[in-house]
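Colleague: Sequence:
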Amino acid sequence: MGLVFEELIRRFAESSNDTAGEHFTPRDIVRLTTSLVFMEDDDALTKPGIIRTIYDPTAGTGGFLSSGMEYVHELNPEAVMRAYGQELNPESYAICKADMLIKGQEVGNIKLGNTLSNDQLYADKFDYMLSNPPFGVDWKKIEQEINDEHSHKGFDGRFGAGLPRVSDGSLLFLLHLISKLRDAKDGGARIGIILNGSPLFTGGAGSGESEIRRYILEADLLEAIVALPTDMFYNTGISTYVWVLSNKKAKARKGLVQLINGVNLCGKMRKSLGSKRNVMDENDIAIITQCFGNFEGVDARELDKPAEQKSNRGRQSANPKTEAAKTFAAKIFKTHEFGYRRITIERPLRMSYQFSDERIASLRFESGALNAVMQWAYAEYAGLATTADGAIWTDAEACAHYGDLSSHQDAIRRYIKLHFADLKEKHVKDLLDRDTWRNQLAILRKARQLQAAIGSAQFDDMNAFDDALALAAKKQGISLDAKDKKAIEAAVSWKNPEAQKVIKKIHKTKADAIYGLFAGEGDYAGKVVEYKADGDLRDAENVALDPSKTVNAINEAYFKKEVQPHVPDAWIDASKKDEKDQQIGIVGYEIPFNRHFYQYQPPRDLAEIDADLDAVSAEIMKLLQEVHS
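Numbering (the working numbering), first residue to last: 374 to 1002.
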């Protein structure tokens, strides 16, 4: 009866096509995943009366649970399987519960609710876990609960490793499953989960996704990842992957991860079901499971003879191009090979300064969000020297009404609404505030006084400019606070790669150019100087991990080979350290699956393309002649 009911569920799901993926995983994918997860448990597959638990946190209609039990019972009819699950969708939950009832399972083990925010089996651990969580679904609605568990419980909860971005909760389900692994000393557990490509590589070093991958790989939980063909699911055609994890890895698998590229192991369906156009048969599944079971690397091998591409309307190309061969391959990597350390590379700031009339004039307006609208208002209202009756003063800056826009504020607000709609109310009020204009005017007048003392000469050394500025301010009797000085320097300066490097600090220590402590030059000869970094030139380099060497040795060797020859004045920012190991550089992990299996396809020879064009042109001319004859 259980099998009959499951068949009815499958047909109901497939008839839904677009919505089938919400509650039913295609049978071929279920079969592959269960085979990978159960194949290494000799006791469960052979020992009579053995008891095993199976769990699906996204149970849907129970397809994974049913298939897992079916797989074990095919090989060991006397094994006792106990199913557990939780499902968010009430309809799918009801169907799953009915299916488990017919199969003789304890229906109280199937729960209704959100697994991530309300785990109703929080105290349970399991032997086997299978899941096909929704792809790319955000968890905004339960963000508070997840954040609270992460921050308050840490690794005592489920999400201690980190949190992915809110737009995709797939990795939260993976962390949830890991928290359910039966302890290794009690026999351990295994996980099979289907994910899209995002969890493989989304997120740079230090991000939530990277930290989750780091936790999984450094804990040596990942056994294998299998790339599936596209167009395998009812409601999406995207690339998908089966992750196999375990906390009881065989000795041969310790510290290693197997990547299996099965993207070509499929055949076309006679009739598409929604987005599902491809299907894996028993032979396709056997190729993957055999490769996984043997734990072997497989060089790319052709699955069938590549076909020749024909031109449109069935014409044979003059030089037919052969399609890329469909291949199967597998590779084995050490876990640390997916890791890297992101080091921050800095370069010195180089600035030039000049008190030109044009640069000084910009001080009339604030440099931030108000800059553009202040320029418009100044031009629109005659230099802000108009009186209430519209008369224009001859000396705008001397006018007592300078900056008073009270009689124009309605018109200004209308203009802002049309042309500066993103401007916040706070900024609008600042614009209409007379003090805003007069404060900027005061800074402008100070800059003019400094110009009179310094002149319009260009300075390419910031330290020399600072000395000249201080001397001019003293000579003119000008008091420059930090804000005024910053505004004036910003107005009269620009970055110039030909200028002198800006010195930040002088150190009483040995020079170490790799980490930004340079031997001084010119007036600073014999001293060790630290330069101010230019944020616009800041870069990052990803350095591969190598447990056999020290972090500093790896970073320095990479820097000397890949960075220093090209930018001799660069250095490593030693302050950017990994939060966990406190070493220079932030550790990141990614699994660039496609990069490892990429096969270069050279472009066609130009002569072949020309020959094809000539053949097509000749055929077109022949057809035209037939029409006109």
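Keep in mind that the hints were calculated from the coordinates and are not lab data. Misleading hints may appear alongside valid ones.
As the list claims (entries may be wrong) - Result set (DSS-like, lysine-lysine): computed pairs, CA atoms no more than 25 Å apart in a straight line: (1) 883 x 799; (2) 905 x 878; (3) 868 x 858; (4) 883 x 934.
Said to hold, decoys possible - DEER-style ranges, computed between Cβ atoms: (5) 967 x 642: 37 to 45 Å; (6) 969 x 611: 17 to 25 Å; (7) 895 x 870: 16 to 24 Å; (8) 560 x 670: 24 to 32 Å; (9) 784 x 893: 24 to 32 Å; (10) 893 x 850: 28 to 36 Å.
Each residue gets a CB set at the ideal place from its N, CA and C atoms; glycine is no exception.
Colleague: Would you mind marking each hint as holding or not holding in the structure?
Modeller: Okay, the hints, checked on the actual structure:
1. 883 x 799: 50 Å, violated
2. 905 x 878: Between residue 905 and residue 878 the Cα gap is close to 8 Å, so the pair holds against 25 Å.
3. 868 x 858: Holds, at about 18 Å.
4. 883 x 934: 23 Å, holds
5. 967 x 642: 37 to 45 Å: Given about 25 Å between the Cβ atoms, the range is violated.
6. 969 x 611: 17 to 25 Å: For residue 969 and residue 611 the Cβ distance comes to about 19 Å; the hint holds.
7. 895 x 870: 16 to 24 Å: Check passed, 18 Å falls within 16 to 24 Å.
8. 560 x 670: 24 to 32 Å: 29 Å, holds
9. 784 x 893: 24 to 32 Å: 58 Å, violated
10. 893 x 850: 28 to 36 Å: This hint holds: roughly 34 Å between Cβ atoms.
When held up to the earlier numbered hints, the structure conflicts with 1, 5, 9 and fits the remainder.
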